[in-house]
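Trainee: With the sequences and hints as input, model every part of the structure.
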Amino acid sequence: LIHFYKRKMSLEFRSLQPDQYLRKHIEAGVRPDGRSLNERRPLTLSSANISTADGSAVVKQGNTTVVCGIKLELAKPAAENPDQGFVVPNVSLPPMCSPNFKPGPPSVQAQALSTFIRDCLDASQCLDLGSLCPVPHKYAWVLYIDLMCLDHDGNLRDALIAALMTALRSLKLPKVLYDEEMDTVQVVEEWSKLDVKRIVLSNTLAVYSLGGTANLVVDPTAEEEDRADSLLTFVTTEKEEVCLSQETGSSCLSEETIQSAISLSTKQAKQILTAVLKAQS
Amino acid sequence: MPGVDLYRNTGPEGSVDYKIYQEKEDKNLEKRTDRKDHELRKMFLKTGVISHAKGSAFIEVGDTKVEVGVYGPREIPKRSDFSMKGILSCEMKFAPFACSTRRGHQRDSEEIELGLLLKECLESTVRMNLYPKSCIDIFVTVLEDGGGVLAAAITATGMALADAQIDMYDNLVGSCISVNQGRFLADPSLDEEVSCSDAGHEQGNITIGYLNTSEQVVCLFSQGVLSSTSMDTALN
Chain A
107 LIHFYKRKMS LEFRSLQPDQ YLRKHIEAGV RPDGRSLNER RPLTLSSANI STADGSAVVK
167 QGNTTVVCGI KLELAKPAAE NPDQGFVVPN VSLPPMCSPN FKPGPPSVQA QALSTFIRDC
227 LDASQCLDLG SLCPVPHKYA WVLYIDLMCL DHDGNLRDAL IAALMTALRS LKLPKVLYDE
287 EMDTVQVVEE WSKLDVKRIV LSNTLAVYSL GGTANLVVDP TAEEEDRADS LLTFVTTEKE
347 EVCLSQETGS SCLSEETIQS AISLSTKQAK QILTAVLKAQ S
Chain B
17 MPGVDLYRNT GPEGSVDYKI YQEKEDKNLE KRTDRKDHEL RKMFLKTGVI SHAKGSAFIE
77 VGDTKVEVGV YGPREIPKRS DFSMKGILSC EMKFAPFACS TRRGHQRDSE EIELGLLLKE
137 CLESTVRMNL YPKSCIDIFV TVLEDGGGVL AAAITATGMA LADAQIDMYD NLVGSCISVN
197 QGRFLADPSL DEEVSCSDAG HEQGNITIGY LNTSEQVVCL FSQGVLSSTS MDTALN
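In the order they appear, the protein sequences are chains A and B. This note's numbering runs 106 ahead of the 1-based position in the first sequence. This note's numbering runs 16 ahead of the 1-based position in the second sequence.
It should be emphasised that the hints constitute simulated quantities derived from the structure, not laboratory data. A couple of the hints might just be wrong.
[To be verified] Cβ-Cβ distance ranges computed for the label pairs, FRET-style: (1) B:K94 x A:E296: 24 to 32 Å; (2) A:E361 x B:R95: 49 to 57 Å; (3) A:T372 x B:D183: 47 to 55 Å; (4) B:K94 x A:Q215: 37 to 45 Å; (5) A:K278 x B:D183: 44 to 52 Å.
[What the hints assert, rightly or not] Computed list of chain B residues with no C-beta within reach of chain A, every gap over 10 Å: (6) N25; (7) D50; (8) L61; (9) V65; (10) L146; (11) M184; (12) L242.
[Said to hold, decoys possible] Calculated pairs, BS3-like style, for lysine-lysine (alpha carbon to alpha carbon, straight line, at most 25 Å): (13) A:K114 x B:K101; (14) A:K182 x B:K35; (15) B:K149 x A:K208; (16) A:K112 x A:K130; (17) A:K303 x A:K208; (18) A:K278 x B:K35; (19) B:K94 x B:K70; (20) A:K345 x A:K303; (21) A:K208 x B:K40; (22) A:K166 x B:K58; (23) A:K281 x B:K58; (24) B:K40 x A:K244.
Ideal Cβ positions, reconstructed from N, Cα and C, are used throughout, including at glycine.
Mentor: Right under this line is the structure:
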């Protein structure tokens, strides 16, 4: 009976004072869902689920669910880069995934995430655009990468990058035969895999400043993200090179904090890497 | 696509689906290989797939995958829409990778039409008089189109509304039939839905939304040329 009342009171505390509720947990080194500060939610990856897409992946990280679909199209290459293909990533956060989003043009978060994905692809150089041009000056592949969030429970960046990588590794390009004399092109169903040079992994940490020290919390849920002082994201490759880092929020981070964040990120990235590599086999 | 999309990363203009350069193979639709004419495809249904939504459902019929999220009853966003009977808002969206040819991010006429059909289907099913001054938002996302999308969406929406504990008059299910040269094919796949037969023969698809216990049809959507006797047989 005492347990019942304790639980009831803790739920009331959670709804009346969510900030205090969360911070008390973090001071004690746990989180409301029982994880420790360095523990990730269980990650499930599956690839090539959608037959209409040329490459696809579904990632489930706790409750956060993200679908990535890649469609291939052919276009004339740009005049300034006649032997390069195009990669067009877009993130959509439909109103279905969270009560915070309303129907209409992409929200600020969706636009920011689209830019984040594009920057990650550019900075990591994981795709060689030259390999995406079967007929220079005439025909180049356009990779339309559409990432859709089906359920927003925090830490979208990690899930989006994991889905992106799994989908890219599942992508198969058909063969393009070009007849120079007739200037015609034909696409034949001989599939080759896309050459992904590096595997990019992202790790997001929520920072809580409690009593002067900054507490780093790995893989925050939506509730934890909203109440954090700031969010740190490190994007690394499988060779442990940091290619992108972002911080949003209001806390001042000391050098030690950033160093410990980077080493924590590389450790976490290894876990995601094993999952991504397993999804392909 | 005309106009510049300021909110999204855009690709080069004039990109085309590579399938137009492929040789189309003639699919033999004389006989169904995997099932009989009146047999349905394997179905997978699950509710409670979206953690933040009041109710949600995911349906997979053959290749078709549809996910529905229901939010509500909640406050009406615009005061001008005040009404003593609740408001239903139904939005359907195909994911860009859902169909053979890539779809744009903005809703085109087909999606708006299907959304309206679904809404009309629900107007007679959901007891809106129990939710005055509120609105119920239903968001349907088609992740893959393998034929029979509207029927799958109707079934999934019925389940999501039940999962959201919203009062309805009856269980709602959707089903569709394709008529092709005198054959009635239940639950057509994408190839069967869009196949063309010679002129002079009947060819069409019928999708209905059906209330189970009260045996009422709440939505009827048909495409193609069908005689009235075929319609009767198909509805039965």
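Trainee: All hints, please: hold or fail.
Mentor: Right, here's what the structure says about each hint:
1. B:K94 x A:E296: 24 to 32 Å: Since the Cβ atoms of B:K94 and A:E296 sit about 55 Å apart, the hinted range of 24 to 32 Å is violated.
2. A:E361 x B:R95: 49 to 57 Å: This hint holds: roughly 52 Å between Cβ atoms.
3. A:T372 x B:D183: 47 to 55 Å: holds, 53 Å
4. B:K94 x A:Q215: 37 to 45 Å: violated, 23 Å
5. A:K278 x B:D183: 44 to 52 Å: Between A:K278 and B:D183, where Cβ atoms are some 48 Å apart, the hint holds.
6. N25: violated, 5 Å
7. D50: holds, 15 Å
8. L61: holds, 16 Å
9. V65: violated, 7 Å
10. L146: holds, 21 Å
11. M184: holds, 20 Å
12. L242: B:L242 is indeed farther than 10 Å from all Cβ atoms of chain A, at 28 Å.
13. A:K114 x B:K101: It is violated: about 36 Å lies between the C-alpha atoms, which goes past 25 Å.
14. A:K182 x B:K35: Holds, at roughly 16 Å.
15. B:K149 x A:K208: holds, 19 Å
16. A:K112 x A:K130: Holds: A:K112 and A:K130 sit about 16 Å apart, inside 25 Å.
17. A:K303 x A:K208: violated, 38 Å
18. A:K278 x B:K35: holds, 14 Å
19. B:K94 x B:K70: holds, 21 Å
20. A:K345 x A:K303: holds, 11 Å
21. A:K208 x B:K40: Roughly 41 Å between the alpha carbons, so the hint for A:K208 and B:K40 is violated.
22. A:K166 x B:K58: holds, 24 Å
23. A:K281 x B:K58: violated, 34 Å
24. B:K40 x A:K244: holds, 23 Å
Hints 1, 4, 6, 9, 13, 17, 21, 23 from the list above are not met by this structure, while the remaining hints are.
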